[in-house]
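Based on the sequences and whatever the hints tell you, model everything.
Listed in order, the protein sequences are those of chains A and B. So the first sequence is residues 1 to 301, counted in UniProt numbering. So the second sequence is residues 1 to 327, counted in UniProt numbering.
What the hints contain is simulated information worked out from the structure, not anything from laboratory work. A few of these clues could be false.
Claimed, not checked - Below, simulated DSSO-like cross-link-like pairs (lysine-lysine); rule was C-alpha separation at most 30 angstroms, straight line:
| # | chain 1 | residue 1 | chain 2 | residue 2 |
| --- | --- | --- | --- | --- |
| 1 | B | Lys-35 | B | Lys-7 |
| 2 | A | Lys-149 | A | Lys-168 |
| 3 | A | Lys-154 | A | Lys-164 |
| 4 | B | Lys-166 | B | Lys-274 |
| 5 | B | Lys-166 | B | Lys-260 |
| 6 | A | Lys-83 | B | Lys-117 |
| 7 | A | Lys-164 | A | Lys-201 |
| 8 | A | Lys-154 | B | Lys-117 |
| 9 | B | Lys-117 | A | Lys-149 |
Claimed, not checked - Far from chain B, by Cβ distances over 12 angstroms, these chain A residues were calculated:
| # | residue |
| --- | --- |
| 10 | Thr-28 |
| 11 | Met-33 |
| 12 | Ser-34 |
| 13 | Ala-58 |
| 14 | Asp-84 |
| 15 | Gln-94 |
| 16 | Lys-105 |
| 17 | Asp-108 |
| 18 | Lys-168 |
| 19 | Ser-194 |
| 20 | Tyr-218 |
| 21 | Glu-220 |
| 22 | Ile-227 |
| 23 | His-232 |
All C-beta atoms, glycine included, are put in the ideal place defined by N, C-alpha and C.
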Amino acid sequence: MSDDPKDSPSAAPEPAASSPAPRKPALTAAQRMSRERQQQARRRVLHTILLSGGVMGAALSGWLPLAYAQRQRLRPPGALDEKDFLASCIKCGQCVQVCPVNAIKLADLVDGFGVGAPYIAARDQACDFSCDAVQCILACPTGALTYHKPDFLKPRSGAGLAAKPVLKAKQKDPEPTLNLTERIGVARLTRPESCLALQGKGFKGQARGADFKGRMRYMEVDRWKPIPVADHPYDVPECDLCVRECPVAQAISIETVTLADGRQRRQPVVHEPCVGCGVCEMVCPVEQAAIEVVPREVWRA
Amino acid sequence: MNNPLRKRFGEQILLMFGREPKRPEEGDIAPAAQKIHFFKQGNRDFIAEKKHARAHAVKKNTWRNRRWATLITANLLFVLSYWLDVQLLEGSLTASRFVGFHLIDLNSALQVMLAHKHIIVNLLIGTGTILVGWALLGGRTFCSWVCPYHLLAEWAEKLHLWLAEKKLVSDAPIDRRLRVVFWLIFALLALGTGYTVYEAISPTGILSRALIYGPGLALLWVIALLFFEVFFSRRAWCRYACPIGLTYGVVGIVSPLRVKYTLEGCFHEGDCRKVCLVPHVLDTVIKGRAVDTEVPIGPDCTRCGLCVDTCPSGSLKFDVKGLSKLL
Ligand code: SF4
Ligand code: SF4
Ligand code: SF4
Ligand code: SF4
Ligand code: SF4
Chain A
1 MSDDPKDSPS AAPEPAASSP APRKPALTAA QRMSRERQQQ ARRRVLHTIL
51 LSGGVMGAAL SGWLPLAYAQ RQRLRPPGAL DEKDFLASCI KCGQCVQVCP
101 VNAIKLADLV DGFGVGAPYI AARDQACDFS CDAVQCILAC PTGALTYHKP
151 DFLKPRSGAG LAAKPVLKAK QKDPEPTLNL TERIGVARLT RPESCLALQG
201 KGFKGQARGA DFKGRMRYME VDRWKPIPVA DHPYDVPECD LCVRECPVAQ
251 AISIETVTLA DGRQRRQPVV HEPCVGCGVC EMVCPVEQAA IEVVPREVWR
301 A
Chain B
1 MNNPLRKRFG EQILLMFGRE PKRPEEGDIA PAAQKIHFFK QGNRDFIAEK
51 KHARAHAVKK NTWRNRRWAT LITANLLFVL SYWLDVQLLE GSLTASRFVG
101 FHLIDLNSAL QVMLAHKHII VNLLIGTGTI LVGWALLGGR TFCSWVCPYH
151 LLAEWAEKLH LWLAEKKLVS DAPIDRRLRV VFWLIFALLA LGTGYTVYEA
201 ISPTGILSRA LIYGPGLALL WVIALLFFEV FFSRRAWCRY ACPIGLTYGV
251 VGIVSPLRVK YTLEGCFHEG DCRKVCLVPH VLDTVIKGRA VDTEVPIGPD
301 CTRCGLCVDT CPSGSLKFDV KGLSKLL
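The structure is reproduced here in structure tokens:
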């Protein structure tokens, strides 16, 4: 017999080592053996159930919130439509790594839309295109972020941009546009009642307070290096922060609008070139932001 | 390759898919091996030699140390590339770029294509690089030399064994076919939901991302798995569940790099099977089972080298197929 108890059935050439051999002297031992086997089998079933249940439960907790997702999130620029995006993103975070302002975050368990899927929380840190070339798309290995959708995926009507967006920062460059064909969303004045411009007010101070961690590229400060928004205070007689800091040319402007009762007001108006990057939402100094990007919103004239 | 080994090759693949190892028929054992088996039976000199060698065996950790160093370096490279912004190894274990070359994890790529229902051309190059790379290096070599979960599970296993020695826990093996079932379930889930469901719970992906992009609550799942392994079932995730392990196991079928067993000096005391993550691949070391004088260990082996370190008779060695003939 071998020294290793596990090896014993194989050590001697006995027939049918696996079935309880009906040898007379070993009867009680065989009975004990079979009870032990039974117990082992029971534990095996229990642990199989435990492991399978745990794994499937965890898998479901990763997927169910996604299936019932109420809250939409901004995806990085160039993301495919939500379903295709979630299918094709491999959750590598290469998009996260290249972003100079760290706008892209990976979702956690409680975010409710798939562990590891990238998103942008624009109010905390918007994509300000300070990478100049939509680097995140360039980094994506799967085409979940893409400059041009493949033929079998048609852009939704209104999601496509009429023309490639002109980046204000590059306006003097030979190639001033961003290689982006679809918008991330569209900015909307969701809380007009709190908009400072609409109330005829100006703004003085740090847009989001001293503790705000968000960063942005200010062309007048540094062409290449984003700085904290807190380091760039404002003093404007009429609030136009959203318009002033929008990185895309002709996407938003302050206009005089005539209300139904004939009164005239100044307010930000969003135009077709808006790509939904979220800079306006990030810099808007009122709490909560008067202007917000609606994820996956399409342009309606 | 002669006949007994060819037959065993096929059986080793079935073994990986969950079949239990069987004792080979007499006719399936090469005459030379039969001779050694016979020679060892009740051979007093051999038993004395074995006792002596085991009593004087010094514990080596050569391969384990090399492996831990490699595993930690690989994962650290990801972390440092990001934190120091050196663009050496960007991304995480699911997909990365090594000085510009795309590397895409096979299992993740498969999941993505099943969910997306399109062959993503961009992925093919990176997947091809990995496929060829791991096919050369052994397939499940990924498990023990790169996967960050492996290292944690190895430590959890030590804790489990320590507790088991104190009779506080006991290992309950689970049916190994469960891993194939899980693999299929996750493939079907990806196909059915259009979402890479597996990625949400892959401890490999979760840990890799946690290391690089910072910890998250998803780590709770990893902790739960380790807990299960310590208290209920030894190395349960890697043995009975992980689809990545199975995917790379299949890649390893054709791999020239493997552990090779030499029957001649083997004591059949089974120390190797006690340290192995996948002991069924070492069924050949059981007395009377080796079908030839030299038997390559099957594709489910993770090439961790623990058995090579442990073997008191030097019967298990790393080997590159054809290389010894070449030299
Ligand atoms: S396009 Fe925006 S989100 Fe993408 S890398 Fe550039 S700044 Fe970051
Ligand atoms: S780079 Fe692409 S695949 Fe990787 S996490 Fe970002 S979107 Fe997903
Ligand atoms: S930044 Fe906000 S408050 Fe100021 S004009 Fe724009 S929307 Fe109104
Ligand atoms: S089986 Fe899975 S978790 Fe275990 S080491 Fe291999 S890849 Fe990692
Ligand atoms: S056979 Fe040896 S090298 Fe392979 S997994 Fe087992 S202990 Fe590791």
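Hints, one by one, checked against the model:
no., hint, in the structure
1, Lys-35(B) to Lys-7(B), "holds (20 angstroms)"
2, Lys-149(A) to Lys-168(A), "holds (25 angstroms)"
3, Lys-154(A) to Lys-164(A), "holds (17 angstroms)"
4, Lys-166(B) to Lys-274(B), "holds (17 angstroms)"
5, Lys-166(B) to Lys-260(B), "violated (34 angstroms)"
6, Lys-83(A) to Lys-117(B), "holds (12 angstroms)"
7, Lys-164(A) to Lys-201(A), "violated (34 angstroms)"
8, Lys-154(A) to Lys-117(B), "holds (16 angstroms)"
9, Lys-117(B) to Lys-149(A), "holds (15 angstroms)"
10, Thr-28, "holds (23 angstroms)"
11, Met-33, "holds (17 angstroms)"
12, Ser-34, "holds (18 angstroms)"
13, Ala-58, "violated (5 angstroms)"
14, Asp-84, "violated (7 angstroms)"
15, Gln-94, "violated (4 angstroms)"
16, Lys-105, "violated (8 angstroms)"
17, Asp-108, "violated (4 angstroms)"
18, Lys-168, "holds (26 angstroms)"
19, Ser-194, "holds (33 angstroms)"
20, Tyr-218, "holds (22 angstroms)"
21, Glu-220, "holds (26 angstroms)"
22, Ile-227, "holds (18 angstroms)"
23, His-232, "holds (24 angstroms)"
Checked against the numbered hints above, the structure breaks hints 5, 7, 13, 14, 15, 16 and 17 and satisfies the rest.
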